[in-house]
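Top line first, the protein sequences correspond to chains A, B and C. Quick note on numbering: the numbering used here labels position 60 of the first sequence as 60, and the sequence is numbered without any gaps. Quick note on numbering: the numbering used here labels position 238 of the second sequence as 238, and the sequence is numbered without any gaps. Quick note on numbering: the numbering used here labels position 317 of the third sequence as 317, and the sequence is numbered without any gaps.
Think of the hints as simulated: they come from the structure by calculation, not from any bench. Do not take every clue at face value.
Claimed, not checked - Here are the simulated lysine-lysine pairs, DSSO-like style, with alpha carbons at most 27 angstroms apart:
id, chain 1, residue 1, chain 2, residue 2
1, B, Lys123, A, Lys90
2, C, Lys266, A, Lys246
3, B, Lys123, A, Lys87
4, B, Lys123, A, Lys89
5, A, Lys238, A, Lys87
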Amino acid sequence: MTVSRSEAPLIEVRSLTKHFRLPGGWLTGKRRVLHAVDDVSLQVYTGEALGIVGESGCGKTTLGRLVLRLLDPTAGQILFDGREIAKLKKSELLPLRRQMQVVFQNPQQSLSARLRVADIVAEPLRTVGGIADDQSRRRVLGLLEQVGLGAQHLDRYPHELSGGQCQRVAIARALALDPVLLVLDEPTSALDVSVQAQILNLLVDLRQRLGLTYLFISHDLGVVEHVCDRIAVMYLGKIVESGPGKEIFAAPGHPYTQALLGAIPSQMSRRGVNWLCCRVMSQVRQPAIWLSIPHPVPVGTGYLPD
Amino acid sequence: MSVIPLPADVEIVTGSTRGAQLWRVLRRDPLSIMSLTIILIYLLMSLFAPWVAPYPAQGAGKSNPPTVMLPPSPQHWMGTDQLGRDVFSRVIFGGRPAFIVPLLVVGLAVLIGAPLGAIAGFKGGWFDETIMRITDLFLAFPSLLLAMAITAALGRGLENAALALVISWWPWYARIVRGASVSLRDRYFVEAAHSMGVREPVIVARHILPNCLTPILIQATIDLGTVILAMGGLAFLGMGTQPPAADWGLMISEGRTSILNAWWIAIFPMLAMMILVLAFNLLGDVLRDFFDPRHYR
Amino acid sequence: MKSFLQIQDLHIAFQSDRGTVAALNGVTLDVRRGEMFGLVGETGCGKTVTGLAMLGLLPKSARVRSGSIFFEHTDVLAMSAGELQSLRGRRISMIFQDPSTALNPVFTIGSQMERVARQHLGLNRRQARARAGAMLEAVGLPDVGWILSAYPHHLSGGMKQRAMIAMALLCEPALLVADEPTTALDVTIQAQILALLSELRSKFNLTVMLITHNLGVVAHTCDRFAVLYAGRVVEIGATSAVFTVPQHPYTRALLAAIPTPAAHGKALAAIPGTVPVNPGAVSGCAFAPRCAFVFDRCKQEAPPLRAVAANQANACFLDEAGGDAG
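All chains, please: the whole structure from these sequences, using the hints.
Here it is in structure tokens:
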């Protein structure tokens, strides 16, 4: 699934930095700062899928939110379609919002419990797209069919749907305004393996059919590799390695990537034990490598940034 | 794909709405059914007082000298008062200011407090600070005392007493909803709405407020009992309903001088108030238990 | 001779507002002393219910309809509340997915561990504290003195799970039931915890039942495992045997659904449909509606668990009928 690259990237991030002030500390006079995203630069081309992998707290979710401008960056530039958006005001961002959409990890939590599926998917159409109610119903049905749901789901509430179905609704809502970019923040990590496979297939399929661009954030290297053309590995707020998935799997360069790869207690193919599993066995026998991995915030703060 | 929800490993996901579940719980619990029935009877009697009361004219305040201070009898179930008025009719008429008005008071307090709290929690920053400091100011005084002070300033009378209670009660709702709003602000569906470019007032109205309904409902139910008592207190002190109109608080005040020789004048309105407040408290407890996240079913 | 732990035809149902929902529909499995046994399945398959039943910790709405759980030759289901109390902690311990909710946030790690040690082992304060310290050391935690006096929120997720394991092992139980012990943790921490469990197993002569949804975890830690679907064991056997030749269509489908580098760009073999809500109401094999190899007999009777090799058994009519789905 190689995509011909247009000249300019759709998203270009230059030296993007985001610091969070940690709570507490004012008594002792020491302000502690979490470097959630630290001098990150990357490009995503139109039609491409870039995967961001890393453990919780590595800053991958923050990076996604910065690109969507749900957070204000501390420093750096974000170019969307060649336009600098890092310093735009909220009102200036509104017209851009319809071009970039997001799908979150927890499907049940990303849908308001008090709205029906029809209203959830219609919300962007009505409030942002300015489409009348009678027209939106038909459009909603089309969107639901696109993600493998149907008219029988229109009047259901999120709690009446399974996790996979909720995630399909969230994807339909994200597609409502015909975006060019989808930020997928751990879209399958709350799902069972068999359902995860359904959703991953759907995402791969949608990207091909609609020519979407993905920024796919996950802690699961296998999942990211499956969906994405290129992978960027994040560690302590920095991108430590990036490149095509195959290359990273074949020859992980950075020690952290090696650790991440080795730590997937992974996968056996239908034919038996595959090479990944052998790697895991050898890694587990050398647990020293794990203990050397520092935490971005000193232990004992009880602060989990992700 | 089929449309059946997956059962979680231990907890069984029920496909019914919270409302239907609540109704099932209420129906099974005799206490809550009883309190609901009591509240409904009170509501109907107050609304249709002129048709329900045996002596509507006396209930509204007309004195009847021939029947002064009669004890309870088949003609006058709760006896008559110093001006010869049927106490039963007065209790029914008294339900209007003593029960209907508190309903309106709590409703208004919610209407003022909830949106302010939702916006404060959602926006944060100076707006939040301002609203919360104002509520702090109100909450620093005991509600009843504050209401008395406001009534004293505005002048006696039912409307002013009700207004005073609204003024001293809305901060509670602002507080509660603000707390819920802060926790909702970072939820995914709110963030998703942001990322879709939905405008902030719409987010508050469509996503924040509806999801705060549960704590509002619980607090309002429990508060109703308290507001009924406060309203009665104001009337008792002569700051609320003015004679000759009927109000439980006022009736207790009128009856207390003759409590030794005509106990029925004060005791029946007292009972009426007690039973209603108890009903609201019971209902509030049931609701709170039901919506408590630790409540495992 | 009976196994160390033997679950026989266990049926458990939940009463809910909408009627009875069957959670387990005849779980049969055996765990041998000293092994690491995996219990694998997706959400709602009954793996946690099985774990809770072994400790007599089922919620009130659950009813055991039939079956038995023999642990060290005693039926756990026939035990009194008092007997269960002394069984839990002393002979069987359980650790849970989320260590931060399983530890009481208002007590220090030390005081929580002391209480367990004093109650079950009858130690005095000083002995209990020494024992807690020794156990924390055994699970590889540094600076034991500090951890004893620390509150749960002072520890990272991995440290908390280690502390939970230490607490579970205080009385040196024979069986440790670990319910998704690494699901809430990062992959690197997950590898540490799994390595620790293997290490503790030999050190304390411990039998571990690992409940998980992750076949990868099973593949590299368990000696034997069982696959649960809709409250029933569909396949059980030695890890090496089952992973080399998975027999049941569900096991195969699960393995095929995992994204691997080999499947890049291709569609994953997702399992169509969803898990049945009330598998007790389904006649025949519960997996039949989603199975690619379904035939008439599957819809009429439920296949029993049969041995297909010395160290492998499954519940499917497929190979009995001589069909080959390979």
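Cross-check of the supplied hints:
1. B/Lys123 - A/Lys90: holds, 13 angstroms
2. C/Lys266 - A/Lys246: Judged against 27 angstroms, a Cα distance of about 14 angstroms means the pair holds.
3. B/Lys123 - A/Lys87: holds, 20 angstroms
4. B/Lys123 - A/Lys89: holds, 16 angstroms
5. A/Lys238 - A/Lys87: This hinted pair holds, its Cα atoms lying about 22 angstroms apart.
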